[in-house]
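S.K.: So the protein lines, in turn, are chains A and B. Here the first sequence is numbered in our numbering, starting from 47 and rising by one per residue. Here the second sequence is numbered in our numbering, starting from 1075 and rising by one per residue.
The hints are simulated quantities; they were obtained by calculation from the structure and are not laboratory data. The structure presented is a predicted model; accordingly, all values stated were derived computationally and were not measured. Glycine included, C-beta positions come from ideal geometry on N, C-alpha and C. Nothing false has been slipped in among the hints.
Coverage of chain A stretches by chain B, computed from C-beta distances (three or more under 8 angstroms per stretch; other residues unrestricted):
(1) 54-63
(2) 66-76
(3) 85-99
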Amino acid sequence: MTDLPARELDCRGMLCPRPVIELARRIDSVPVGSILGVVADDTAAAYDIAAWCRMRGQEYVGVDAAADGVPRYLVRRTDAPT
Amino acid sequence: MSTGPAVYLDTASSEPLHPAAQAVLEQALARGYADPRRLHGPARDARILLDNAREVTAEALGVRPDEVSFTPSGTHAVHLGVLGLLAGHARRGRRLLASAVEHSSVMHAGRWHAGRGGSFDTLPVDRTGRLDPATASEAVADDEPVIAVQSANHEVGTLQPVAEIAGATGAPVFLDACASAGRLPLPDGWAVAAASAHKWGGPAGVGVLLVRKGARWRNPFPGDDRVDERTTGMENVPAALAAAAALQAVVAEREEVNARQSVLVDRLRAGVAAIADTEVVGDPVARLPHLVTFSFLYVDGEAIVTELDRRGFGVASGSACTASTLEPSHVLAAMGALTHGNVRVSLTRTTSGADVDRLLAALPEVVHRIREEARL
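Taking the hints into account, I'd like the entire structure generated from these sequences.
M.R.: So, in structure tokens, the structure goes:
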């Protein structure tokens, strides 16, 4: 399995809980086993995306950075119902 | 204009003045105006009131009167406590360790210390917000740091194993007892402690600094020529006496009040957990009797606090959008808990089962509506 996202959500400028809402709405857009990247500059996203994964049975892979340095949170879709 | 929430559920921010404090405050305001240091009748009167406040506070907290100092706030007591304990141990080293979930007053004292040549590090906690004594013990290593730890967490209610942390580390411990003082006996193992009167139903503007007999504490700030060498400025004698009266009453009532509040918090925890995508935070058992925190996924913290206020419930939140700093609660973050959609409910001594049931009836609809507006 690769750690490269199959798709990326641009949540720059969005305040909490918007990035997590976008993540929840779009996780189905990648196949099970693939990664959705969430690019978000809201500080709460750093904690809340991991917490969402734990609460929704998804896999939090980690964080890297988009080309402009904004954090990109990586979530692998599992077969848990989303 | 709203006259304020009909159901006030934010005692962890500030408890309403206890009736026992109200009567004492009114009387003491008329009598306790003079400077207790002076040698005339009104001064002796003020001195008697201040000594009385000290003795009552000491007895209620299970310490000696000469270990009690009154400060202008709990925050100031924390700053004096942390920095004074560090100053007293400066020859051994200048390292401060604190749990990652300490109150912001401890964190600010730590950063202040680090900005003046000391070092300050935080220790990770588990999912309930508890600092494992083994984690503290490992962090101490061969250094001889001062450790700051709270009796109970002010946001999630989890109790800290203070005596075990002190035992495992052998370090001098600063105890932040602001969240629990009066409600629960002080734990063992600390050298210096701080508390805040308005958290137990005393007036605001009264902090308590406790320095154990024999503890190495040195005033980190400019001194003063007071009766009590640990404080500066003239004590607010009437408020200190009212704070002591409230504390005495709270200790006398606590067995009954705590049992009642604990049952209501259990009911809240169970009721809130039944709402989908909700996380109830903090230790369910080893906790403060009157406080519970939960987070609703996809819910804006400011929106839920505002909506509950509109319905007559006054609650607090650790979500970023409700904070003056616009940063999420460092407590929730350190626990790995959801930081948005956060609500902290803390009961007063008169909160009833009916109040709790009304809140539990309102929450599902409020949460549902906010989620719907988010177009999930």
